[in-house]
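There are 2 protein chains.
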Amino acid sequence: MTELLETRTQSASGSCERVNAQLRTARTPILARMLQTGSSVSTRESIHSAAAQLFRSRGYSRTTVRQIAAEAGTDPALVIRHFKSKELLFLETMHLTLDDEPLLDVPLDRLGEGLAELLLDLGGSARGVFLALVHGSNEPHIHDRLRDTHEHLFVEPLRRRLTGPDADVRARMAAAVAGGLLYALWVAGDQGLLRMNRGELVSRYGTLLQDVLAPRTS
Amino acid sequence: MTELLETRTQSASGSCERVNAQLRTARTPILARMLQTGSSVSTRESIHSAAAQLFRSRGYSRTTVRQIAAEAGTDPALVIRHFKSKELLFLETMHLTLDDEPLLDVPLDRLGEGLAELLLDLGGSARGVFLALVHGSNEPHIHDRLRDTHEHLFVEPLRRRLTGPDADVRARMAAAVAGGLLYALWVAGDQGLLRMNRGELVSRYGTLLQDVLAPRTS
DNA sequence: GAAGTTCGGTCAACAATGTTGACTCCAGCT
DNA sequence: AGCTGGAGTCAACATTGTTGACCGAACTTC
Chain A
172 MTELLETRTQ SASGSCERVN AQLRTARTPI LARMLQTGSS VSTRESIHSA
222 AAQLFRSRGY SRTTVRQIAA EAGTDPALVI RHFKSKELLF LETMHLTLDD
272 EPLLDVPLDR LGEGLAELLL DLGGSARGVF LALVHGSNEP HIHDRLRDTH
322 EHLFVEPLRR RLTGPDADVR ARMAAAVAGG LLYALWVAGD QGLLRMNRGE
372 LVSRYGTLLQ DVLAPRTS
Chain B
172 MTELLETRTQ SASGSCERVN AQLRTARTPI LARMLQTGSS VSTRESIHSA
222 AAQLFRSRGY SRTTVRQIAA EAGTDPALVI RHFKSKELLF LETMHLTLDD
272 EPLLDVPLDR LGEGLAELLL DLGGSARGVF LALVHGSNEP HIHDRLRDTH
322 EHLFVEPLRR RLTGPDADVR ARMAAAVAGG LLYALWVAGD QGLLRMNRGE
372 LVSRYGTLLQ DVLAPRTS
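Protein chains in written order, with our numbering: chain A, 172 to 389; chain B, 172 to 389.
If you are wondering where the hints come from, they were derived from the structure by calculation, not from laboratory data. Don't be surprised by glycine CBs; every beta carbon is placed ideally from N, CA and C. Each hint can be trusted.
Label pairs and their computed distance ranges (CB to CB):
1) A:Lys-255 / B:Gln-362: 26 to 32 Å
2) B:Pro-278 / A:Glu-258: 45 to 51 Å
3) A:Leu-269 / B:Arg-331: 32 to 38 Å
4) A:Ser-374 / B:Asp-270: 30 to 36 Å
5) A:His-323 / B:Ser-374: 24 to 30 Å
6) A:Arg-237 / B:Pro-278: 55 to 61 Å
Please take these sequences and the hints and turn them into a complete structure.
Below is the structure:
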């Protein structure tokens, strides 16, 4: 019964990295063992990538250590042995970074538009990591991670481009607006915004963010 | 006598569906139960309020059915028997509402400021419910609840005050900005914003929201 | 008034979860 | 050869949400 469930789950989530990982651990044990510490590195790697994929797609509470172990082709106990706990494994796998060059390259009077484009092109794995962090941030350590992420993903790059006594406040407000867009789209799932065409959303949010970053003196 | 009991229950709970459910279940024996054991209705009530408090303060995943039962002075099995599951109990207890009269009373050119004041005065139980919904929205039904809440807590009251072809878009963007403020303060925990004095935050966010709701034609 | 039904309450159990400890196995060093 | 240390396996633990069996009291029906 359990095997049936596991194979079903595995075949349902067919992934190239998973097959490779399994081949690495299962098919070439001799070769792997010959290299230094043996299959330790590669199983650790398998666990890491399996956990990253599962946490991203199913969130923290809905992915189980046994699922991770099955996906990585190993034992639940080994998952805990390598990374001390499920939470530490989560923290080690869920990092949200984005290149801030696009934000630093664009001229200052187009910073809002650049940020809007950046946010609305953000998708795929970034969405999964962001949602996993937000949903999991009931746990104190995950909350800390989300705070740090917000700080050095949004606030710091923006503040670096601004000047004046209230640069910090403007950067934080723009970061809040940026986070609010991701919140509305991904967390709350505002269908009205989701159905808008990208161009108009970029334009409207671009000018909005621009006004926050460099307010017009009316 | 029955009416008296019912009104008491209603005023204590404050939810239409719940009252109907109680009327359905507690049809006949309600009077005698109150006089004799006094347990049936009041246990349900105890479970409800204990669950509400625990969900608000500790979130969905960190509060356990056994904790709720202990707090209500009853048995874990009874918690499930009254409300079909932990998730349904959560959905029945976690309602986020706010009086929208303050938003409807204020003149249109002060709507942004009014909303900003409303948001920044929001605290206490509203914070707990909001965070519980956001954190728990990994679960599909809780996600639906959060979407509905966002829609008829922010979007609808704002759109009702706006006119023009893009009223819906402006309302949704303002709602996203509002949600972004709560996200930055409560979910991400932006220390810079948290440490700002309330007056300046109200002022800055007031004009920001006002610009979104009724953009200045520059 | 007696029998039956219903419903709240209690207890024990279940499967699934994260985690730990005992044990095996094998490479590399002394 | 013998020892050490680390990777892997297996069985167990406590805790979680949830269910089923039983109990007792009260309302309904005869």
